[in-house]
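Each chain is listed here by its residues.
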Amino acid sequence: GESVGLHLPTLSVQEGDNSIINCAYSNSASDYFIWYKQESGKGPQFIIDIRSNMDKRQGQRVTVLLNKTVKHLSLQIAATQPGDSAVYFCAEFPHTGNKLTFGGGTRVLVKP
Amino acid sequence: EAGVAQSPRYKIIEKRQSVAFWCNPISGHATLYWYQQILGQGPKLLIQFQNNGVVDDSQLPKDRFSAERLKGVDSTLKIQPAKLEDSAVYLCASTNRADYGYTFGSGTRLTVV
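Quick mapping for you: the protein sequence lines, in order, are chains A and B. Position 100, counted from 1, in the first sequence is what our numbering calls 225; the numbers after and before it change by one each time, with no gaps. Position 5, counted from 1, in the second sequence is what our numbering calls 11; the numbers after and before it change by one each time, with no gaps.
None of these hints come from the bench; they were simulated from the model. Where is the CB? At the ideal position from N, CA and C, for every residue including glycine. Fair warning: there could be bad hints in the mix.
Chain B is faced by these chain A residues, among others (derived, beta-carbon under 8 Å) [what the hints assert, rightly or not]: (1) TYR150; (2) ALA154; (3) GLY166; (4) LYS167; (5) GLY168; (6) PRO169; (7) ASP174; (8) ILE175; (9) PHE214; (10) GLY229; (11) GLY230; (12) VAL235.
Calculated lysine to aspartate or glutamate pairs in the EDC-like style (CA-CA distance at most 16 Å, straight line) [said to hold, decoys possible]: (13) LYS224/A to ASP63/B; (14) LYS50/B to ASP62/B; (15) LYS196/A to GLU164/A; (16) LYS17/B to GLU91/B; (17) LYS224/A to ASP62/B.
Label-pair restraints from in silico Cβ distances [claimed, not checked]: (18) SER177/A to ARG22/B: 41 to 47 Å; (19) LYS89/B to GLN183/A: 40 to 46 Å; (20) PRO237/A to GLN23/B: 42 to 48 Å; (21) ASN102/B to ARG176/A: 16 to 22 Å; (22) ARG15/B to LYS224/A: 23 to 29 Å; (23) THR82/B to THR194/A: 41 to 47 Å; (24) LYS224/A to ASP69/B: 17 to 23 Å; (25) PRO207/A to GLN86/B: 38 to 44 Å; (26) THR117/B to SER199/A: 30 to 36 Å; (27) GLN185/A to HIS35/B: 33 to 39 Å; (28) ASP80/B to LYS224/A: 45 to 51 Å; (29) VAL195/A to ALA8/B: 27 to 33 Å; (30) PRO219/A to GLY59/B: 18 to 24 Å.
Isolated chain A, as found in the complex (with noise of 0.2 Å):
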């Protein structure tokens, strides 16, 4: 389901540390996935994408895994910063559609 109500699931983490943020997709139909970032006030920003046939996926300081057995998804933050605090949203592609679902929301408070 996309809904957690008003209480997003909270991840606070020290400046510097790494950050693992999960998501678990429900439509096993899904063959592309997008994880967004959305800062206050602001519309959701791509952050990295990817395919079914692939189970990792780096860019600069994130990591995407994907693990269709369980349909989970996960980004992982390297040495996270005060400006990765936001909202993340996993979202999903199915293969016969076009239409982008959108997951629940994890929200990353960053400690200085």
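Let chain A serve as the given structure and place chain B on it in line with the hints.
Positioned in the frame of chain A, the structure of chain B alone reads:
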């Protein structure tokens, strides 16, 4: 490259009033989306346009919501009459590839009182 432009940024209206939001997508993007994001939740798709045609409006509450993209560029989303539960951020997104990540605007925050 200019981003997706939306206006207004904020709107406060009383229930049963009407409201309209405007979106100007990235130049050349044929596909345009309107999403509704209720506080604390992920965005939910309301309607998808391909050029000036509707591709998917299955989740649009058509008794009160309407949207158009007459010339295949700008789009407007209207709510009439508004209800308290329509309070949300309305996000517009565009893409030039249906199977790729979208670019989102900053949204319009609607408060219905």
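Checked hints:
1. At a threshold of 8 Å, the smallest CB-CB gap from TYR150/A to chain B is about 12 Å, leaving the interface hint violated.
2. The criterion of a C-beta within 8 Å of any C-beta in chain B is not met by ALA154/A, whose closest approach is roughly 14 Å, and the hint is violated.
3. Hint status for GLY166/A relative to chain B: holds, with the closest Cβ pair at about 7 Å, below 8 Å.
4. Taking 8 Å as the C-beta cut-off, the interface hint given for LYS167/A holds, the closest approach to chain B being about 5 Å.
5. Given hint, GLY168/A at the interface with chain B, holds; its Cβ is 3 Å from that chain's nearest Cβ, closer than 8 Å.
6. Hint status for PRO169/A: holds, given a least beta-carbon distance of 5 Å to chain B, under 8 Å.
7. Hint on ASP174/A holds. Least Cβ distance to chain B is approximately 6 Å, under the 8 Å limit.
8. The closest approach between the C-beta of ILE175/A and any C-beta of chain B is roughly 11 Å, which is over the 8 Å cut-off, so the hint fails.
9. Look at PHE214/A: its Cβ gets to within about 5 Å of chain B, closer than 8 Å, so that hint holds up.
10. For the restraint placing GLY229/A at the interface with chain B, the shortest Cβ-Cβ distance is roughly 6 Å, inside the 8 Å limit, so the hint holds.
11. This hint holds: GLY230/A has a C-beta 6 Å from the nearest C-beta of chain B, less than the 8 Å allowed.
12. The beta carbon of VAL235/A is not positioned within 8 Å of any beta carbon in chain B (closest approach about 20 Å), and the interface hint is therefore violated.
13. Of the pairs offered as hints, the one joining LYS224/A and ASP63/B holds, with about 11 Å between alpha carbons and a cut-off of 16 Å not exceeded.
14. Between LYS50/B and ASP62/B the alpha-carbon distance is near 13 Å, which keeps this suggested pair within the 16 Å criterion.
15. A C-alpha spacing of about 26 Å is found between LYS196/A and GLU164/A, which places the hinted pair above 16 Å, so the restraint is violated.
16. Of the supplied pair hints, the one linking LYS17/B and GLU91/B holds, its CA atoms being roughly 14 Å apart against a limit of 16 Å.
17. Between the alpha carbons of LYS224/A and ASP62/B the distance comes to roughly 9 Å, so the proposed pair stays at or under 16 Å and holds.
18. Taking the beta carbon of each, SER177/A and ARG22/B are about 46 Å apart, inside 41 to 47 Å as hinted.
19. Between LYS89/B and GLN183/A the beta carbons are some 45 Å apart, a value that agrees with the proposed interval 40 to 46 Å.
20. Range check, PRO237/A to GLN23/B: about 44 Å between beta-carbon atoms, so the 42 to 48 Å window is met.
21. For the pair ASN102/B and ARG176/A, the beta carbons lie near 18 Å from each other, so the given range of 16 to 22 Å is met.
22. Between ARG15/B and LYS224/A the Cβ separation comes to about 26 Å, which falls inside the hinted range of 23 to 29 Å.
23. Judged by the Cβ atoms, the range 41 to 47 Å given for THR82/B and THR194/A holds: they are separated by roughly 44 Å.
24. Between LYS224/A and ASP69/B the beta carbon distance is about 22 Å. The supplied range of 17 to 23 Å therefore holds.
25. Remark: the range hint 38 to 44 Å for PRO207/A to GLN86/B is upheld by a beta-carbon distance near 42 Å.
26. For the hinted restraint 30 to 36 Å between THR117/B and SER199/A, the CB-CB distance of approximately 35 Å keeps it satisfied.
27. For the pair GLN185/A and HIS35/B, the supplied restraint of 33 to 39 Å is violated, since their beta-carbon distance comes to about 25 Å.
28. Evaluation of the 45 to 51 Å hint for ASP80/B and LYS224/A yields a failure: the beta carbon distance comes to about 22 Å.
29. Checked against the given bound of 27 to 33 Å, the beta carbons of VAL195/A and ALA8/B, roughly 41 Å apart, lie outside it.
30. One distance hint, 18 to 24 Å for the beta-carbon pair PRO219/A and GLY59/B, holds here, with the actual separation near 21 Å.
The earlier numbered hints that this structure contradicts are 1, 2, 8, 12, 15, 27, 28, 29.
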